[in-house]
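Asks: Single-letter residue listing:
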Amino acid sequence: MRRLPVYFLLDTSGSMNGEPIQALNNAMSGMINSLRSDAQASETLWISIITFDRVINEISPLTELPLFQLPEIICPPSGPTNTGKALELLYDKVSKEVKKGSPTQKGDWRPLLFIFTDGKPSDIQLYTEMIPKIKSLNFGSIVGCAAGALADNSKLKELADTVVHLDTADSSTLKQFFKWVSDTIEQGNKSMGTVDTVSLPSPPSEVHLVI
Amino acid sequence: MQDVKTYIQSLFTAKGIVVSSNKSSLFEEFIVQQDSIDAVQRIIENQNSLMDKWKIKNRIADILSQQIVIPNGTIGKPYLGHINFEKQNLTDLIFEQFEGLEELGLSFNKTNDCIEGIPNLSGDLKFTLLFKINGEEENEPLNRKVLQLVINPDPKSLWKDIPSDKTDKFWKEDDVSISDKIGEKNIVISSKRGRSHKNVGSFRDDDFAFKHFAKSGWSIVAVSDGAGSYSLSRVGSQIACNAVIDFFENHADAEKSKEFEDKIISYNETSDQSILKEIEVLAKQNLYKATVFVHNKIKADAEETFKTSPELFNNPKAKSHLDYYHATFIFALFKKYDFGYVILTFGVGDCPIAVMNLEQTETTLLNWLDVGEFGGGTRFITQSDIFHSTEHPMATRFNFKIVPDFSYLFLMTDGIYDPKFVVEANLEKSEKWNEFMEDLKGKNEDNTVVEFNPENTQIAEQLSKWMDFWSQGNHDDRTLAIVY
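Taken in order, these protein sequences are the chains called A and B. Our numbering numbers the first residue of the first sequence as 371 and each following residue consecutively. Our numbering numbers the first residue of the second sequence as 64 and each following residue consecutively.
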């Protein structure tokens, strides 16, 4: 059976502490619930969550949706945003976990990556180095989400093929965003050419597409 | 009495009471008095009790906020969820009972610490654990902790069946099944809309066509699968199948065709292998023309449609109007001669064509598949690159084969191949094809039988029913054509 592997990279740096991290937890949980009742997702979706602040944590390894349990996402009171280091772990995980098609192995659907941040990478050199490597993994789509006034769209734009900006990281905005994420995931398993990216549904009004 | 002395001394120091040296004997007397000793003891006891109570409160609060992991379940399926109290550091928890499990169809088995039963509800369900911890007073009320249990819905129940929009300009029938004679053989084909399309009310992208040309004795079967991510691919697949028949019926080079037939006759008389080689070359040249014809036909239609309905061409990913029509495409031509059957095939995309010998001992795959690294990645008849690719030369897409006779000739889309053969390597294995035939003849979960008998007038309905097999994760359109 073909799996649709979806990776979430979530910023848990100090600035997320307080209401934003609460909102993120609620929104993720709402998204998982809505995916559970989606017919396609319930059969094919596999989810992995990696958080990044000073340290990088794979808080949930790639797990099929029916068995998936969302752990509480926590963040330290302060600390840097090691996005580059997170990409390093992601590269390693995707290389090992995502199955490529061969005469004797069924290939997965092209994986999707969602990266959520409210700041900019602290380890900018590593971040820049990792971008071509991440792109070589042939994701069906890389969606970057910059939340709040301090989030840096331009850095995300270098990595992601779609970047959206949220004005605030409050509960209702994040909920809207993750609703859109689940719509996007539902688009993720269709036949297409060998080089196309997944077409994304149009985002809700709270989510500004960065061009 | 040393600790009484120490206690009172540190109490006095903390409170700033100084015992002057001339009163030290008075102090010594004071600390050995029984009521002083009793008072100190009471204070220490009260302090210990305060600390113990706090420890218990603190521990209970920790347990209440701790995430207790309970495995997910699925509605209607036997559930067994072990709660590992040791691993979750809950050995000081004195279990009392669960509240709210029965309503979910579950119960707790104390002997193995398992929640068991058959869940009758799905969703993010909650139930309550009533507990005490070591050291709590007998008469204290029980602590209540709400636990979460995820019960998944039955995947089968989530799929909707929304009819496709019949008023759409390019509407296509959801399910088509048909049987007929084709030359001296029989054919049965079923093409059905996949779950993923039913779920959202979209159209079947697969298509097929077949024809026996009585005049020439040739028969043709074509199957095509429109790419799910392109909006007019169902039209592309339809045009492809019809165009290839149109080509051989009306546009094939009559002279070349005659040359071909003449060479076959002389091969039949002489069995000269060099003539056979020439036949093969001629055949492939003719097939090549057919594929160019099909490609151009779709292209012309795309341009025409763009003129009348430009609003349909709104996909930023598409590089040309032809992209909207992306479809994989396979076809097989066959004709009976004195020496056996000549079978000619073409394939682009991930749909297999295979022929099983008369003895049903050997099945040969007649084309190679364009299978990408990732699911869905394939190639289409609508891509002009395929005609001049050096990596995958067009010539290798054609096949020429002579067989004495055959029992079955199969053409199918990936909607059948994915669930039934899973990987390409299995298409090369005769035993897998025999299993596939057994499956068709009734060796399947639903005991659905397709009876391959020329007298069987119900075969199309039978195949249509068989096509409804359940396979998790495989929700594409399904098309299967069998010549027998």
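Read the hints as simulated data drawn from the structure, not as lab findings. Please note that a few of the clues may not be correct.
In silico EDC-like cross-links for lysine to aspartate or glutamate, where the CA-CA straight-line distance does not exceed 20 Å [as the list claims (entries may be wrong)]:
hint: 1; chain 1: A; residue 1: K505; chain 2: B; residue 2: E436
hint: 2; chain 1: B; residue 1: K140; chain 2: A; residue 2: D553
hint: 3; chain 1: B; residue 1: K380; chain 2: A; residue 2: D408
hint: 4; chain 1: B; residue 1: K347; chain 2: B; residue 2: D364
hint: 5; chain 1: A; residue 1: K470; chain 2: B; residue 2: E149
hint: 6; chain 1: B; residue 1: K116; chain 2: B; residue 2: E203
hint: 7; chain 1: B; residue 1: K274; chain 2: B; residue 2: D309
hint: 8; chain 1: B; residue 1: K380; chain 2: B; residue 2: D448
hint: 9; chain 1: B; residue 1: K235; chain 2: B; residue 2: E422
hint: 10; chain 1: A; residue 1: K527; chain 2: A; residue 2: E499
hint: 11; chain 1: B; residue 1: K382; chain 2: A; residue 2: D531
hint: 12; chain 1: B; residue 1: K195; chain 2: B; residue 2: D231
hint: 13; chain 1: A; residue 1: K470; chain 2: B; residue 2: D433
hint: 14; chain 1: A; residue 1: K469; chain 2: B; residue 2: D325
hint: 15; chain 1: A; residue 1: K469; chain 2: B; residue 2: E436
hint: 16; chain 1: B; residue 1: K495; chain 2: B; residue 2: E422
hint: 17; chain 1: A; residue 1: K503; chain 2: B; residue 2: E436
hint: 18; chain 1: B; residue 1: K219; chain 2: A; residue 2: E499
hint: 19; chain 1: B; residue 1: K261; chain 2: B; residue 2: D309
hint: 20; chain 1: B; residue 1: K398; chain 2: B; residue 2: E203
hint: 21; chain 1: A; residue 1: K476; chain 2: B; residue 2: D433
hint: 22; chain 1: A; residue 1: K490; chain 2: A; residue 2: E528
hint: 23; chain 1: A; residue 1: K476; chain 2: B; residue 2: E203
Small disclaimer: the values here were computed from a predicted structure and weren't measured.
Asks: Does each hint fit the structure? Answer for all of them.
Replies: To see whether the hints hold, each was checked on the structure:
no., hint, result
1, K505(A) with E436(B), "holds (15 Å)"
2, K140(B) with D553(A), "violated (28 Å)"
3, K380(B) with D408(A), "violated (26 Å)"
4, K347(B) with D364(B), "violated (26 Å)"
5, K470(A) with E149(B), "violated (40 Å)"
6, K116(B) with E203(B), "holds (12 Å)"
7, K274(B) with D309(B), "holds (10 Å)"
8, K380(B) with D448(B), "holds (17 Å)"
9, K235(B) with E422(B), "violated (39 Å)"
10, K527(A) with E499(A), "holds (15 Å)"
11, K382(B) with D531(A), "holds (17 Å)"
12, K195(B) with D231(B), "violated (65 Å)"
13, K470(A) with D433(B), "holds (14 Å)"
14, K469(A) with D325(B), "violated (51 Å)"
15, K469(A) with E436(B), "holds (8 Å)"
16, K495(B) with E422(B), "holds (16 Å)"
17, K503(A) with E436(B), "holds (17 Å)"
18, K219(B) with E499(A), "violated (45 Å)"
19, K261(B) with D309(B), "violated (31 Å)"
20, K398(B) with E203(B), "violated (90 Å)"
21, K476(A) with D433(B), "holds (13 Å)"
22, K490(A) with E528(A), "holds (12 Å)"
23, K476(A) with E203(B), "violated (59 Å)"
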